Amino acid sequence: MSTPPAAATSPKSEKSPAKNTAKSPSKSPSKSPPQHAQVNVGDTGILEPTHWQQLAEEENANADDDAHSLSEESLASSTDSVSSSIFEYRKLHGRTYHREIGSSQYWAANDERQSELLDINHHCLTLGIGGKTHLAPLDTEKITKALDIGTGTECNSRRALTFGRDFADEYPNVEVIGTDVSPIQPSWVPPNLQFEIEDCTQEWTFAPDSADYIHIRWLIGSIPDWYKFFREAYKTCKPGGWVESFEPSGIITSDDDTVKESSALGQWGKLFIEGAKKLGVSFSIYEEELQRKAMEAAGFVDIQQFEYKTPIGGWPKDPALKELGQFGKLAFLADPEGFVLFVANTIGWTESEIHVFLAHARREIHSGKHHPYYKQRVVWGRKPEE
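In full-length UniProt numbering, the protein residues as written are 1 to 386.
Since the hints were derived computationally from the structure, they do not count as laboratory data. Careful, some of the hints might be misleading.
In silico EDC-like pairs for lysine to aspartate or glutamate, Cα to Cα no more than 20 Å straight-line [said to hold, decoys possible]:
(1) K238 to E289
(2) K238 to D139
(3) K142 to E385
(4) K270 to E385
(5) K369 to D199
(6) K235 to E175
(7) K235 to E385
(8) K145 to D119
(9) K235 to D302
(10) K132 to E170
(11) K132 to E198
(12) K317 to D225
(13) K277 to E296
(14) K293 to D225
(15) K322 to D256
(16) K142 to D119
(17) K278 to E203
(18) K369 to E323
(19) K228 to E198
(20) K375 to E323
(21) K238 to D119
(22) K277 to D119
(23) K235 to E386
(24) K132 to E323
(25) K375 to E289
(26) K375 to E385
(27) K278 to E351
(28) K228 to D139
(29) K317 to D302
(30) K142 to D225
(31) K228 to D199
(32) K375 to E203
(33) K329 to D257
(34) K235 to D256
(35) K375 to D256
(36) K270 to E323
Since the model is a prediction, treat every value here as computed from it, not as a measurement.
Start from the sequences, fold in the hints, and give me the full structure.
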């Protein structure tokens, strides 16, 4: 196992920043594109999608002969068609998404390409918390049943297999149930891991007081009412059991101003926040501290949290953070289309405009001139004993 970031080994109560602050180098790149400094943004803070094509044309006109143009890069990154056998999912721009069940309308793709991202992201999350599967202090002598809410779909069931397999190895006598709104039928699972169809935005179908541990990860942008969600978790959790929630910030930023507001990376979070208004969900869970607030309102006690930064790229000097950043970069580049296509479509962007925007984001990451990161927060709380 690689050495985790120092702060990842000592979770803090309250919301104190993690020690693995991933400080960006104090010296900024020599110049930012002049267009970035001069553009105007609207009330939403989102640049018009035509800006990215215009910027691409200007940059391509000044590019070196041996440099790849943004047009070439966007074409090279075009998505492949998905197997027609996945007929029960919605399709958009050649990608598949959860079918709508009840109020569930998840924004990320659920196909094989997205599963590769989830595989890498699972490793990032594990590195971020010191190589552990959880931070909640589970009683190994008492735990018999665990739930993984929003585990993944038939196509991207790797997330279920990664977390479920690791958790099942650690707790071989625990029954682990993964839930999702779509059918999950992977070819192989650990013997103590099973799946059920469950829309976690509705009333849960599990018996009250039935789970010792409820694991929740990256449901950002998929829960219309977090207070209702954690009330259902409270109802399902056994007295003395734990609920643990892992959620990221949707904002990509930097400590040294190398991620400008008008850069593609700087626009990333704004795009999701605006799209969330159309979907009736929130991409500001981290900023609004919804995990902790909703847990407290539901009745959980002994609530603790751990925060850390996930670099995107190997720019940190600290070896552990550098490793985390390298995997963060791999995760980002694995399938940004699967993240952006649906949300950008809701605010009126065309497929070509989306691909040009993402080509700029890729170029910024590959350039090494930017030191981006996003924040993550893990919150866990206990249901009081009766």
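Structure versus earlier hints - violations, ascending order: As far as the earlier hints go, 1, 4, 5, 8, 11, 12, 13, 16, 17, 21, 22, 26, 28, 29, 30, 32, 34 and 36 are violated by this structure, in ascending order.
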